[in-house]
Every structure is written in structure tokens, then in C-alpha cells.
Amino acid sequence: MSKEVGKIDLLQERHEEIHSNRFEETGGINPRYSMVFRTVSYLIFLGGVLLLPSLVNGLQLRLATLASIWFVATMGLQVLMGQAGLVSIGQAAFVGVGAYTAAILATKHGFNFLLTIPIAGISGVILAIIVGFPTLKLRGHYLAIASIGVGQIILVLMVNWRAVTNGMDGITSIHRPVESNRTYFYICVAIGLAIAFALYSLRQTPVGLAFTALRTDETAAGAMGISVAWHYLIAFMISGFCAGVAGGLFAYNEGFISPYGFDLGQSIVLLTMIIIGGLRHISGALVGAILLVFLPPNLEFLGSSYMVIYGLAVLLVILFAPDGAAGALLKLRNFLLRKISGSNRRAEVV
Amino acid sequence: MLTNGVALGAVYALVAVSFILVYKAVGIVNFAAGEIVAVGGYVGVVLANIMGLPLIISLGLCVIVMSLFGYGFQFVVYRPLKGKSFLIIAISTLAAGIILANGIQLIFGPSPRRLDPLLSNPTVEIKGVFISVPNLIIIFISIVTLLGIKFLFAKTRLGFQMMATAQDPEMARLLGINTDKMVSITFMLSFAIAGIVGFLIAPVLYLVPTMGLGIALKGFAAAIIGGFGEVNGAIVGGLTIGILEILFARYISSSFQSLLIFLVVLGFLYFRPEGIFSREIGQKV
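Same order as they appear, the protein sequences are chains U and W. Under our numbering, the first residue of the first sequence carries the number 4, and numbering increases by one thereafter. Under our numbering, the first residue of the second sequence carries the number 30, and numbering increases by one thereafter.
I should point out that these hints are in silico values taken from the structure, not numbers from a laboratory. C-beta: ideal position from N, C-alpha, C; glycine also. Treat the hints loosely; a few may be bogus.
[Said to hold, decoys possible] Restricting the straight-line Cα-Cα distance to at most 27 Å, the calculated cross-link-like pairs of lysine-lysine (DSS-like) are:
hint, chain 1, residue 1, chain 2, residue 2
1, W, 210, U, 140
2, U, 334, W, 113
3, W, 179, W, 113
4, U, 334, W, 111
5, W, 113, W, 184
6, W, 53, W, 184
7, W, 210, W, 53
8, W, 113, U, 140
9, W, 184, W, 210
10, U, 140, W, 53
[Stated by the list, open to error] These stretches of chain W come out as covered by chain U in the derived footprint (C-beta under 8 Å, 3 or more residues):
hint, segment
11, 114-122
12, 242-254
13, 293-300
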């Protein structure tokens, strides 16, 4: 009995302790600082994006454009894997379908850029529905292997269905809507940020919350009345849409597409982006895309060993920082803000 | 032609068995399975071609080297990640695959390598049918290996202990089984089998650093058709894939052959995820 009372006392004390700490709900961070920090970092990011084309050379601008394109594709994976908890090792195939859709519409039917990009996204959604019905009842390794299989099927179609895809020769002379690299970069970034904003807002909607519920405990979520199959299909469709849009942007950016860019290797690269960037955060897609686009060309001094380093980097991130680069950055931010809030609080008490 | 299919199927069955062992023991799918086969093949090249050892001795050494490799592999890719989500472990094995494939490329270069054929006369005539000897050897060694595995799990104490560890590690530990050791042995066995596969295909197919992917995919396909986690199923699945592959290539289209294989696999996943031998699979809550 006395033991119980002691426990309750302890709880009471803990309770008071918690409530005496003003910043406990925000993890010890003064919300005002957090707000200021967020605004400042957004401004720095936007300023950086706007100024980037003037600061860097042509090659680097090309890489930046590519990074923003892969950012779009990787965001899809973030929703699928990071939020809904499904695995896909076939994302590049969806990117490829988007790219071919945009390329064929643009070169053979003279469609406008403003039309082809949404249609490329929709082609990704349609593929997601086609693929989703047979595969989404699978989980874990079955789904992972099925996604590889789907990727291979689409790759074989790209290579061998010459009438539509022109085989290994690919589709050439896809002309951009704008001449300047700088404008195209802005277009890609704008589309990327628009999708990021939409996905960010989605997280607080019933659909986004359902994804989290499904990821943490599918059976419990199902028992709570969340339609498991329907929400998985939505996650898959969102992922397909992002991949399709990215594919369309990619086709215009390169001006030439062939099956080579959409193989399993590319799927693994996309997967790596979100892992290294941080699976739990939409910003992880951005960080991962930037890292994996800019690092390989800068690692060329390593010669052909850079792919080994690349694999090692993935392994090390998985082993030691499973939350990825974005997770590490967030931790650093919280640490700094807590420092600032903490010192400030002491000052107030004195 | 049929022996081609059977030989190919036997190889796929061995690949499937190689990673099913690991899957059953520790519940992870080794996406580096194909690259490990490639490593086995290259180890064979080093032993037999570069060091000039006789083939039988090379095969033995290859198995030993690969077992040690498997022993080391688990400390990098599996042990530190114990208890982490499926996704994390799957990606760590994918990363290991990338490292292995490119490591091979660094050491041996991208050009194809090949083991010298076992015999100078590559075909024998049996009742008017020409059968290639390397294929026969592949089939023979595969059968021996598979029988060995079946014997291990059906008759020996070690096999029982391994199965117990795979089924319920907690309970196995309570019963006094050294489960860590069993997991190590499983990894070693799996890699030894992969080494045998690599060695077997080295004289027939050319070895290239990126060969792992294709082999792994066919191995996965075999495992799925056979019902994930069944050694018998893997054999049937492997043979099915091998024979289908040859038939598709011959009678339908060689360029759409892998598409058809994957459609078959997807069909299996959809209609019979429990594999060709039906058995109810329940989901643990």
C-alpha cells in the first residue's frame, strides 16, 4: 500500500516538474525561436534557389536542375515508404513511364509542356493503379521483390516494344518549353516545392494520419476502421504521380531518353536518396536528392572506386544514422534552439 | 535443350536455397544474394585460373573462402541491425550488393572472365542426343548439394538446432542452443552454396561484375514460386523458372522472355503467395 502511495507521490512530483517547464511541449524549445529559425531558414533556402543560377557554372546548374527533378520522384518514395511504410524498389520504372509519356506526347503529337507534365503524372497514377491491385496485398519482402519484378517488366517493354518506345535508341529531340537553363531550373524547383507543400499539408489530413497509423500497426489501424487497401493504393498513386511528373521533367531536361536511365540501378539510387536524406521527413527527399546528385561527379577523383564508396556511405548511414541527413540536421537544429532557449530561461529566472 | 533448362533451373534452385536459408534463420531477405554468387565465381577464377589449382581443390577452397566470407558478412550487414525494420535491413543488403559488385569491378575490371571448361570435349552422345557435359556436371553437383542440405535438416542434430533457431530463437536459446552460433553457421552455409553456384556457372556463363542482379532476380522468382522458405519448393521453383526460360526463349520470344518470367512470378504472388505447394500462411499480430 505504502509503495503505491509512494508511486503516486512520485508521479505527482513528475507532473509538477513537467508543468513547471515552460517549453516541455516543444521539447524544451521556445516556440518563438523555433518560428524565427524556420522563417529564416526558409528565406535562406528561397534566396539560395533564386540566386543559385547566377552563382554557379552551367554544369552545376544542370546538376541542380537534376537534383530538383529527383527531389520530386523521391518525395513520392517518402510518402510511400516513410509515411505508409511500403517498400518499392521499382520507382525508376514509374519515372520512366512518365518520361516516355511526356516524350511521346511532345514529339509525336505536339502536346504543350503544360499538358504533358500533368499527363505524365497521371500516367504514373494509372500505372500505380494497374500495378497496385495485384501487388498491394503483399507486404515486406514480397512487395519489395514484386516491385523489382514490375520494374523489370516495364524495362523490358521499354527496350523491346519498339513501335512505341523506339527500343534502345530511345526518343530524341524533346524540346524544352523554355530555352534558358535558368528558367527551366526555376520551373522544376517551383513544381517540386508545390508538390512538397501539398504533401506537407497532406500529413495532417485524415489520409496522412491514416498512413502513419498503417505504418505503425496495420492490423490495429484496420481494426480502427481505416480501409487498409484503399489507403495503400492512395499512397502508391501519390508515389506514382510524383514519379511520373519527375519523369516528364527529366525527359524535357535531357532532351533524349532511353531505357538505360530507368533501370533497377536508378531505382536503387532513388531509394538511396530517401534513405540517406531521411525516410521520415519530406525534406529528407530534398537533402538526399542534392547529396546523391552532387556527390558522384565530385567523387570522380576516386576513379571507378566511387561506387564502392557510395555503397559504403549507404551502409554507414543505415548503421549509424538511420534517420538520415535530414534527421541529423533536425537534431542539430533542436540542439541549438534548446541551447538558446535554455540560456534565455536561466536569464529570466535570475 | 531440356538439360539446359534443368541445369539453369538447378542453379536457380541453389540460389533460392542459399537465401531462403538466411531468410528462414533470421527473417531477412538478402538482396545481395546475386552479388555473392558473383563473388563465388570470381574466387573460383582466382583459385583455378590465376593460382592454377586443380578444379576440385579450387571448388573446395572456394566453399571454404565463401563460408568465411559469410561469417564476416553477418557482422556488417545483419548483427548491428538486429531488430530494425525490414526496410532498413533490406537496404543494408542492397548496399552490400552495390559494394560487392563494384568491388569486383575495381579488382577484375569490367571485361568478362571465365573459368576454363572442365573437360575438353564439351558434349557426350547418349542415344543420339547430344548433352553438354558442363550442364551434366552442374546438375550432378547441384543434386549432391541439395541432398546434403536435405540430409542436414532431416537427420542431423545441427540441422535440428538450426531449424529450432529459425523457428523460435527465444525458445531455442532457453533449450540451450547457441543461437548466435546457429545464425553464423546458417550464413556460412548460405554463402558456401552461393560459392558453389558461382563456381558452377563460371565455366558456362561469362562472369561480369554486374551479373549478380539477373541471378538474384531468378533466385527470388524461384523462391516465390516454391513458396518462400521451403527448400523443396525452391527446387521445384528453380526448375520451373529454368525450364520456362528456355521454353519462352525458344518458342515465344527471347527478348520478352524475362517479361514473361516476371508475369508468371507476379501471377504466383497474386494467386498463390504461399507458393506452388499450398499451405495456409497466417499473419502474426
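Results of checking the hints against the structure:
1. W:210 <-> U:140: This hinted pair is violated, its Cα atoms lying about 35 Å apart.
2. U:334 <-> W:113: holds (21 Å)
3. W:179 <-> W:113: Violated, because 31 Å separates the two Cα atoms, which is more than 27 Å.
4. U:334 <-> W:111: holds (24 Å)
5. W:113 <-> W:184: Violated - the C-alpha atoms of residue 184 of chain W and residue 113 of chain W are around 33 Å apart, more than 27 Å.
6. W:53 <-> W:184: holds (18 Å)
7. W:210 <-> W:53: Holds, at about 15 Å.
8. W:113 <-> U:140: Judged against 27 Å, a Cα distance of about 22 Å means the pair holds.
9. W:184 <-> W:210: holds (19 Å)
10. U:140 <-> W:53: holds (21 Å)
11. 114-122: holds (count 6)
12. 242-254: holds (count 5)
13. 293-300: holds (count 4)
Hints 1, 3, 5, counting from the list given before, are not met by this structure.
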